[in-house]
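K.L.:
All chains, please: the whole structure from these sequences, using the hints.
Those protein sequence lines, which keep their order, are chains W and D. Take the first sequence: its letter number 317 is residue 317 in full-length UniProt numbering, and every next letter is one higher. Take the second sequence: its letter number 162 is residue 162 in full-length UniProt numbering, and every next letter is one higher.
One or more hints might be untrue.
Just so you know, same-sequence chains aren't split out, so a pair can sit in one copy or run between any two.
As the list claims (entries may be wrong) - Calculated cross-link-like contacts (lysine to any residue; reagent style SDA-like; alpha-carbon spacing at most 20 Å):
| id | residue 1 | residue 2 |
| --- | --- | --- |
| 1 | 354 | 145 |
| 2 | 375 | 471 |
| 3 | 354 | 386 |
| 4 | 354 | 43 |
| 5 | 354 | 267 |
| 6 | 375 | 66 |
| 7 | 357 | 278 |
| 8 | 374 | 418 |
| 9 | 354 | 187 |
| 10 | 357 | 478 |
| 11 | 357 | 347 |
| 12 | 374 | 37 |
| 13 | 354 | 278 |
Just so you know, these hints were derived from the structure itself, not from any lab.
As a plain string of letters, each chain reads:
Protein chains: 2
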Amino acid sequence: MRRWNGWGDEATSMELPAHGAAFLQELIGEGRRLADASLASVLAQVPASRLPAHALISTDAETRVRHARGQSLPDWLAMREGNFAVFPDGVAFPETAAQIRELLAWAVDQEVIVIPYGGGTSVAGHINPQAGAQAVLTLSLERMNRLLDLDEESRLATFGPGANGPQVESQLRAHGYTLGHFPQSWELSTIGGWVASRSSGQQSLRYGRIEQLFAGGKLETFSGTLSLPTFPASAAGPDLRELVLGSEGRFGVISEVKVRISQLAEDERFYAVFLPSWAQALQAIRELAQARVPLSMARLSNAIETRTQLALAGHPGQIALLEKYLALRGAGEGKCMLTFGVTGNRLQNAASLKQAKRLLKGHGGVFTGTLLGKKWAEGRFRFPYLREALWQAGYVVDTLETATDWSNVDSLLNKVETSLRDGLREEGERVHVFTHLSHVYGEGSSIYTTYVFRPAADYAGTLARWSQLKHAASQVIAGNRGTISHQHGVGRDHAAYLPLEKGEQGMAVLRQLAGHFDPHGRLNPGVLLQD
Amino acid sequence: MRRWNGWGDEATSMELPAHGAAFLQELIGEGRRLADASLASVLAQVPASRLPAHALISTDAETRVRHARGQSLPDWLAMREGNFAVFPDGVAFPETAAQIRELLAWAVDQEVIVIPYGGGTSVAGHINPQAGAQAVLTLSLERMNRLLDLDEESRLATFGPGANGPQVESQLRAHGYTLGHFPQSWELSTIGGWVASRSSGQQSLRYGRIEQLFAGGKLETFSGTLSLPTFPASAAGPDLRELVLGSEGRFGVISEVKVRISQLAEDERFYAVFLPSWAQALQAIRELAQARVPLSMARLSNAIETRTQLALAGHPGQIALLEKYLALRGAGEGKCMLTFGVTGNRLQNAASLKQAKRLLKGHGGVFTGTLLGKKWAEGRFRFPYLREALWQAGYVVDTLETATDWSNVDSLLNKVETSLRDGLREEGERVHVFTHLSHVYGEGSSIYTTYVFRPAADYAGTLARWSQLKHAASQVIAGNRGTISHQHGVGRDHAAYLPLEKGEQGMAVLRQLAGHFDPHGRLNPGVLLQD
Numbered sequence: 001m002r003r004w005n006g007w008g009d010e011a012t013s014m015e016l017p018a019h020g021a022a023f024l025q026e027l028i029g030e031g032r033r034l035a036d037a038s039l040a041s042v043l044a045q046v047p048a049s050r051l052p053a054h055a056l057i058s059t060d061a062e063t064r065v066r067h068a069r070g071q072s073l074p075d076w077l078a079m080r081e082g083n084f085a086v087f088p089d090g091v092a093f094p095e096t097a098a099q100i101r102e103l104l105a106w107a108v109d110q111e112v113i114v115i116p117y118g119g120g121t122s123v124a125g126h127i128n129p130q131a132g133a134q135a136v137l138t139l140s141l142e143r144m145n146r147l148l149d150l151d152e153e154s155r156l157a158t159f160g161p162g163a164n165g166p167q168v169e170s171q172l173r174a175h176g177y178t179l180g181h182f183p184q185s186w187e188l189s190t191i192g193g194w195v196a197s198r199s200s201g202q203q204s205l206r207y208g209r210i211e212q213l214f215a216g217g218k219l220e221t222f223s224g225t226l227s228l229p230t231f232p233a234s235a236a237g238p239d240l241r242e243l244v245l246g247s248e249g250r251f252g253v254i255s256e257v258k259v260r261i262s263q264l265a266e267d268e269r270f271y272a273v274f275l276p277s278w279a280q281a282l283q284a285i286r287e288l289a290q291a292r293v294p295l296s297m298a299r300l301s302n303a304i305e306t307r308t309q310l311a312l313a314g315h316p317g318q319i320a321l322l323e324k325y326l327a328l329r330g331a332g333e334g335k336c337m338l339t340f341g342v343t344g345n346r347l348q349n350a351a352s353l354k355q356a357k358r359l360l361k362g363h364g365g366v367f368t369g370t371l372l373g374k375k376w377a378e379g380r381f382r383f384p385y386l387r388e389a390l391w392q393a394g395y396v397v398d399t400l401e402t403a404t405d406w407s408n409v410d411s412l413l414n415k416v417e418t419s420l421r422d423g424l425r426e427e428g429e430r431v432h433v434f435t436h437l438s439h440v441y442g443e444g445s446s447i448y449t450t451y452v453f454r455p456a457a458d459y460a461g462t463l464a465r466w467s468q469l470k471h472a473a474s475q476v477i478a479g480n481r482g483t484i485s486h487q488h489g490v491g492r493d494h495a496a497y498l499p500l501e502k503g504e505q506g507m508a509v510l511r512q513l514a515g516h517f518d519p520h521g522r523l524n525p526g527v528l529l530q531d
Numbered sequence: 001m002r003r004w005n006g007w008g009d010e011a012t013s014m015e016l017p018a019h020g021a022a023f024l025q026e027l028i029g030e031g032r033r034l035a036d037a038s039l040a041s042v043l044a045q046v047p048a049s050r051l052p053a054h055a056l057i058s059t060d061a062e063t064r065v066r067h068a069r070g071q072s073l074p075d076w077l078a079m080r081e082g083n084f085a086v087f088p089d090g091v092a093f094p095e096t097a098a099q100i101r102e103l104l105a106w107a108v109d110q111e112v113i114v115i116p117y118g119g120g121t122s123v124a125g126h127i128n129p130q131a132g133a134q135a136v137l138t139l140s141l142e143r144m145n146r147l148l149d150l151d152e153e154s155r156l157a158t159f160g161p162g163a164n165g166p167q168v169e170s171q172l173r174a175h176g177y178t179l180g181h182f183p184q185s186w187e188l189s190t191i192g193g194w195v196a197s198r199s200s201g202q203q204s205l206r207y208g209r210i211e212q213l214f215a216g217g218k219l220e221t222f223s224g225t226l227s228l229p230t231f232p233a234s235a236a237g238p239d240l241r242e243l244v245l246g247s248e249g250r251f252g253v254i255s256e257v258k259v260r261i262s263q264l265a266e267d268e269r270f271y272a273v274f275l276p277s278w279a280q281a282l283q284a285i286r287e288l289a290q291a292r293v294p295l296s297m298a299r300l301s302n303a304i305e306t307r308t309q310l311a312l313a314g315h316p317g318q319i320a321l322l323e324k325y326l327a328l329r330g331a332g333e334g335k336c337m338l339t340f341g342v343t344g345n346r347l348q349n350a351a352s353l354k355q356a357k358r359l360l361k362g363h364g365g366v367f368t369g370t371l372l373g374k375k376w377a378e379g380r381f382r383f384p385y386l387r388e389a390l391w392q393a394g395y396v397v398d399t400l401e402t403a404t405d406w407s408n409v410d411s412l413l414n415k416v417e418t419s420l421r422d423g424l425r426e427e428g429e430r431v432h433v434f435t436h437l438s439h440v441y442g443e444g445s446s447i448y449t450t451y452v453f454r455p456a457a458d459y460a461g462t463l464a465r466w467s468q469l470k471h472a473a474s475q476v477i478a479g480n481r482g483t484i485s486h487q488h489g490v491g492r493d494h495a496a497y498l499p500l501e502k503g504e505q506g507m508a509v510l511r512q513l514a515g516h517f518d519p520h521g522r523l524n525p526g527v528l529l530q531d
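P.N.:
Structure, rendered in structure tokens:
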């Protein structure tokens, strides 16, 4: 059963090794454990629903609890404390596009706010109901999860919007195909959610971001259905797919998603290489991207992340041996781990690997074979479980991310890390901060920063610590040529920073579009656009 | 000097070989030559300008003639007949974004229509002034043609919007870079025009379409400047670059273009392969695209185009020898020529070539080495000059294009060809029709069809023939899952078919955007959107 107050399935958990806790303790002090609320205590808080009865809508208390929050840190704290504040008045489970349209029409009649809901994995506050005079209906698409059509010749698959990662891949795999879209939230997040929030998968270097994979589909809006036909490319005016991508439930409800799929690759391997320094590593990964070496993924940890990963990896004896080996070959203190993958046919992969090796060796790269690469691949969806493990050990972890042009990557990365590392200095608290680049492009890179801090004495104080850190880093990003999100979307948490990026004219256009599709502001108000 | 009534420079021309004319004569009958008007006779028709004097605006008659028409077939016929109908009242040549904004403000004061003008190469009626009560100002960007900034680390170059292909490439080449965008119109078309009309270059397989190359920039609109910052990727809501791409001068005037550039490749080669049949060739090129073989271009001529190209190539003795060689190896009657290129470093190119050869040989491909590939590369911008050569020989040539998913490519291609081949049957006229696929994707392909027919006894009759053919083919495209344009844009000529593709909701959104940026319909009315 899915956790009601955290990530993933209750049966799955991650252990923090003892020396991992010691590592953190040395860095930021001993952890502090805040008390968790029980589900029963939360259920007791759920008020009566304000919605009239409707056959497609459940007003059951537990269903409402389970659809009230996403996976942002404020959501996490609210769930652990049992302090939800607001619940949706009901959750609808439509099974067809016609039922979505019926529910939208009903919402107009009943003057109800509607929140489209995919996998509930937002880390930016996309699906949280707000307090207000109007009742809130959460519209879960989980029953619309099937592969509806497969055009093998065109490599196009049509899905219901609620298919989550495993449902997408298993239905395609049965025919020999893959979408190749693997965000870290893959186990729970949905294809419709990926489109609505412009998601990026770990192997986007080969398969593309969701923008490249999304070929067309349907958006149900208050002013009618927007149908997007599929073309391999078109010069027929502005591309309207781009208004659905990133629409975050503000313009309409995605009722059908057509995606570009690939044949399952005959060969796939992941490698780990250690570079002697950040400067060399940064140049190496930029050159890999700009030379168009056909890799399927590349991820570069900075020195602190490399050290942290090795410390938290378990098997300290083996790690010590590895570090000795690396140091002998020139990658000692300050070394940075680069993980990369090749995916395709054997001939192509062999050529790509040869090219990558040649380039990386020129920058002092030390290869360790496929063992660490395999470990990365096996654990690729496990990171979100770490929050639970750290919480049990008395620590809070969150991540934030941006993307910027290469000429600004190092500078912005340092500014973001500094803003977090120094963010709680006034309270005398230390913050452990580390970063990797996980999506590289010819023009620049994403920057993905993790920060670990201790809870305050209570939940309110802990949330205040987070708010201070998040705001400091977000200001740095928005003020220094970073996008406010490379892969998580805007939601509520980033909405205040969006105008800095889109500008006055850009915001005016987005408001125009929202006004057109949803003239009464009934769809997910406050998300993406604050007003 | 640029031709005032046709394509390119007066000093450049193409000869139609004698046996080429004989080939056409056998297929569609003897050519007919219509009389050309003189520039003097056209200059005499230019009416007085209705514009008040302005320092940035020329009202000189020849300047107005030279900015009155693009390069569509109706434009061609109008220019050859000397029947322009409408001229712009003046042409402005701003040198800065501030001057563009000044001219827009002036246009509001003076109640003047404004037509943004890049290279004047539109083949879909993008820049033609229309008769009306309001004066028309054509706004040429030709003086804003410089490389303004180069961020080598991020591989980003900033250009004025009026830089044409040679200006873009020569300024980048001086620093060791290329944009890699080579549409057939490259000699004259501009970077701003490419963005405004969603252009695609011949090597888009490597470098991407202009959508992938356009990183940001500025659009001057009647409601203010829309500034698009550069990010390698972003999940921060809808991507507003996509509203500038394909805006066709309806939403604003592009005043600055930032593009993603590449290092000049160390190695580039083009090859020609002949496949025994269209069925085999079609499957082979689809597999090349779907297997992601890292080619830089791939172009497949159907059997009629292959035959036509060999017939028009010159050197009939050599061609006969080539055909004998091909036939002995299994590519005889019905053979199809596939041209492809590899661009990059030598290691990468060798691997790509090996992979492509293996795949193509599996489909009966017969390699002819690099000679024909070289010929393609040398003549790649020469095709537009062929219209002049055919006109001199008494024939009219035009092309049209679309794109569709692979499962529909063969069917749509046949329907388009049939609609043209049979299009003048009632008049007893034959039309010579042939096709190639020039831009291939995992999902589908562009379809580029050329048609040659004889002029009627006069210009009006010739235009009527063209209109009948164009309308028949456009209806077939719009009614059979094709986009109305893969690379030429909408303009006026395709605007009537756009609603079939965008749908009611899509058209409503586009009208909303036009209304927002240009509330009084002062920018290029009738282009993209008919109303």
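K.L.:
All the hints need checking, so say for each whether the structure fits it.
P.N.:
Verification of the supplied hints:
1. When the C-alpha separation of residue 354 and residue 145 is checked against a cutoff of 20 Å, the pair qualifies neither within a copy, at 41 Å, nor between copies, at 41 Å.
2. When the C-alpha separation of residue 375 and residue 471 is checked against a cutoff of 20 Å, the pair qualifies neither within a copy, at 34 Å, nor between copies, at 59 Å.
3. Within a single copy, residue 354 and residue 386 get their C-alpha atoms no closer than 35 Å, and across copies no closer than 45 Å, so neither meets the 20 Å cut-off.
4. For a Cα distance limit of 20 Å, the shortest separation of residue 354 from residue 43 qualifies neither inside one copy, at 58 Å, nor across copies, at 64 Å.
5. When the C-alpha separation of residue 354 and residue 267 is checked against a cutoff of 20 Å, the pair qualifies both within a copy, at 15 Å, and between copies, at 18 Å.
6. For a Cα distance limit of 20 Å, the shortest separation of residue 375 from residue 66 qualifies neither inside one copy, at 32 Å, nor across copies, at 66 Å.
7. Within a single copy, residue 357 and residue 278 get their C-alpha atoms as close as 18 Å, which meets the 20 Å cut-off; across copies the closest is 40 Å, which misses it.
8. Taking the shortest alpha-carbon separations for residue 374 and residue 418, neither the intra-copy value of 32 Å nor the inter-copy value of 55 Å comes in at or below 20 Å.
9. Taking the shortest Cα distances, residue 354 and residue 187 never come within 20 Å of each other, neither inside one copy (33 Å) nor across copies (38 Å).
10. Proximity of residue 357 and residue 478 under a CA criterion of 20 Å is satisfied in neither setting, with 36 Å inside one chain copy and 49 Å between copies.
11. Both within a single protomer and between protomers do residue 357 and residue 347 lie at most 20 Å apart by alpha-carbon distance, with minima of 16 Å and 12 Å respectively.
12. In this homomeric assembly, residue 374 and residue 37 never come within 20 Å of each other (Cα to Cα): the closest approach is 38 Å inside a single copy and 73 Å across copies.
13. With identical chains, the CA atoms of residue 354 and residue 278 are never at most 20 Å apart, being 23 Å at best within one copy and 36 Å at best between copies.
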